[in-house]
Amino acid sequence: MKTIKELVAGFTDGSYTPTQAVTDYLATIKAQDTEVHAFLATYEAEALAAAALATEAYAAGDIADKPLLGIPLAIKNNILIKDHIATGASRILEQYTAIYDATIIERLRDAGAIFIGSTNMDEFAMGGSTENSAFGPTYNPHDLTRVPGGSSGGSAAAVAANMVPASIGTDTGGSVRQPASYCGLVGYKPTYGAVSRYGLMAMGSSLDQAGPLTHSVADAKLLHDVMSGVDPMDGTTIVEDTYPTVETKSTYTFGVPRSFMADGVDPDVLAAFEAHIETLKAAGHQVVDIELPLFEQGLAAYYIVMPAEVSSNLARYDGIRYGYSAEGKDLLEVYEKSRAEAFGAEVKRRILLGTHVLSSGYYDAYYGKAEIVRRKMRQELTDIFTTVDMILMPTAPTPAFRIGEQTDPLSMYRQDIFTVPVNLTGVPAISFPMGTVERDGSELPVGVQYIAPHAGDERLFDAGVKIYDSSLSSR
Amino acid sequence: MKREDITHLASLSRIKLTDQELDTFGTELSQIVAYVSTVSDIAADEADTAPVVGARYNVLRPDEITNDPDQFTQAILREMPKTQGRSMAVKKILKTE
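Chains A and B, in that order, give the protein sequences. Note that the working numbering has the first sequence beginning at 1, numbered continuously upward. Note that the working numbering has the second sequence beginning at 1001, numbered continuously upward.
These are computed hints drawn from the structure, not numbers from a lab. The structure displayed is predicted, hence computed values, not measured ones. C-beta: ideal position from N, C-alpha, C; glycine also. Careful, some of the hints might be misleading.
In silico DSBU-like pairs for lysine-lysine, Cα to Cα no more than 30 angstroms straight-line [claimed, not checked]:
no.: 1; chain 1: A; residue 1: Lys-66; chain 2: B; residue 2: Lys-1016
no.: 2; chain 1: A; residue 1: Lys-337; chain 2: A; residue 2: Lys-376
no.: 3; chain 1: A; residue 1: Lys-2; chain 2: B; residue 2: Lys-1082
no.: 4; chain 1: B; residue 1: Lys-1095; chain 2: A; residue 2: Lys-329
no.: 5; chain 1: B; residue 1: Lys-1092; chain 2: A; residue 2: Lys-376
no.: 6; chain 1: A; residue 1: Lys-5; chain 2: A; residue 2: Lys-30
no.: 7; chain 1: A; residue 1: Lys-66; chain 2: A; residue 2: Lys-2
no.: 8; chain 1: A; residue 1: Lys-5; chain 2: A; residue 2: Lys-82
no.: 9; chain 1: A; residue 1: Lys-82; chain 2: B; residue 2: Lys-1082
no.: 10; chain 1: B; residue 1: Lys-1002; chain 2: A; residue 2: Lys-329
no.: 11; chain 1: A; residue 1: Lys-281; chain 2: A; residue 2: Lys-348
no.: 12; chain 1: A; residue 1: Lys-466; chain 2: A; residue 2: Lys-2
Selected chain A positions facing chain B (in silico; Cβ < 10 angstroms) [claimed, not checked]:
no.: 13; residue: Ile-99
no.: 14; residue: Asp-101
no.: 15; residue: Phe-135
no.: 16; residue: Tyr-303
no.: 17; residue: Asp-318
no.: 18; residue: Tyr-324
no.: 19; residue: Leu-353
no.: 20; residue: Ser-359
no.: 21; residue: Asp-462
no.: 22; residue: Val-465
no.: 23; residue: Lys-466
no.: 24; residue: Ile-467
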């Protein structure tokens, strides 16, 4: 397995070329993806053509301002790439061709990246296992009987199976970090507004951010730096002085919310977490206990805010303007049948829930209260970050579970307990491997999550490079 | 949640549900709603309840034409389920006697 940095070094010194790299990755996809099912489509001819141009550019030394020149990437299929099918893993968009590039796609393309294919996901990014894809589940390369996590499960599995060196996902409640944890990768959720959402299929507009899945923290930073920055097409993108500066330090103080982790965390995950704390202490960092009482309410608030935004955002899929359209005797029947026939169960469930919490008479009790919880959680975080530099938690309470194991929606939602508070408050967070746990003979990776204040992206990368990337080079 | 509640939500959501979906979503949504109701336990004073949803600023772009005439027309038309010439075709919404 090669990191982006290693590939670029090889391309630059001529020991490897983008054409060889794309050919090798396509061969791995061909050999493995019948089992893993990470991809919904591959762009073979286009990727090889781009690789040939990149190979020539390296030979000519024409590589200025192209930090990703010749790097193949896999893109979650809810991110628009012009002239390619963008399904969101939903039947309703099965035939939908994107008519423009998402801002992040434009930026990655300008930096020299090559798009090798689009990846599987939970339908419209709703789920934590990729089992909700209308086109069948993705399987975890570490154990093919298990889920890769979700909703960016295809993006995670593609990198874990070495079908690409890195991929892009989206994270509304943990959809990059949790699959990174299940697949043994680095996953990054930026500060809300750091990365443009233009050209992403909206799920929860106040929560969504796109982020990379990589083998190293340095690679995650490289991709984030290319994708981030203010965009006139997304009014929520932040500028340099939106938030106070968050400095990097030589050593950090980490806060561990012990009581938040008291229930429902797998003992083996907890043991790996304790071992990680010891590693941090040995490296000279401080680890202290903190209280985050409101974070425990975060999951309930999330399952109000998110479905409310989902029910509004998905109203656009009506069988009229684009996407699947059913025959009906009148306009109402076209709406009702198109949506009934082409949405999956989880999408319907969340639209119904969102419609309920926004309906007259319930709005104040649910959405109004959830927004209050959200505001108070932000305040709680601001207070905590005066005493600690980062918050430390497991990314998910368990390792990857078996395909079909989680049948009850609520128990599936509880997998998100440690990731959703990050999206609700808009702060950045990174997940990277903290060890493995053994299940039925399989070594399953588990991730640790660092959370920093708003605009603390550089601090997370700095800490991640020091703590995780340094452990990679010593292997 | 009663069956008629789910039927009403389905109608507001513009999704036609089968009898079996009405049953399963009824059970599941009751459990989920009971769980998310725990947010109402949070104490809120007056300052907290001030109506603030989302960011309190607006962002404007210059009012300029940024595309050429017909630049996207064919691509957009191609995605429409039903078209008539350069227009989207929809069902009649006014009834005649």
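Hint-by-hint comparison with the structure:
no.: 1; hint: A/Lys-66 - B/Lys-1016; in the structure: 50 angstroms, violated
no.: 2; hint: A/Lys-337 - A/Lys-376; in the structure: 41 angstroms, violated
no.: 3; hint: A/Lys-2 - B/Lys-1082; in the structure: 48 angstroms, violated
no.: 4; hint: B/Lys-1095 - A/Lys-329; in the structure: 12 angstroms, holds
no.: 5; hint: B/Lys-1092 - A/Lys-376; in the structure: 49 angstroms, violated
no.: 6; hint: A/Lys-5 - A/Lys-30; in the structure: 25 angstroms, holds
no.: 7; hint: A/Lys-66 - A/Lys-2; in the structure: 19 angstroms, holds
no.: 8; hint: A/Lys-5 - A/Lys-82; in the structure: 27 angstroms, holds
no.: 9; hint: A/Lys-82 - B/Lys-1082; in the structure: 22 angstroms, holds
no.: 10; hint: B/Lys-1002 - A/Lys-329; in the structure: 29 angstroms, holds
no.: 11; hint: A/Lys-281 - A/Lys-348; in the structure: 47 angstroms, violated
no.: 12; hint: A/Lys-466 - A/Lys-2; in the structure: 19 angstroms, holds
no.: 13; hint: Ile-99; in the structure: 4 angstroms, holds
no.: 14; hint: Asp-101; in the structure: 13 angstroms, violated
no.: 15; hint: Phe-135; in the structure: 20 angstroms, violated
no.: 16; hint: Tyr-303; in the structure: 5 angstroms, holds
no.: 17; hint: Asp-318; in the structure: 7 angstroms, holds
no.: 18; hint: Tyr-324; in the structure: 8 angstroms, holds
no.: 19; hint: Leu-353; in the structure: 6 angstroms, holds
no.: 20; hint: Ser-359; in the structure: 7 angstroms, holds
no.: 21; hint: Asp-462; in the structure: 28 angstroms, violated
no.: 22; hint: Val-465; in the structure: 31 angstroms, violated
no.: 23; hint: Lys-466; in the structure: 33 angstroms, violated
no.: 24; hint: Ile-467; in the structure: 33 angstroms, violated
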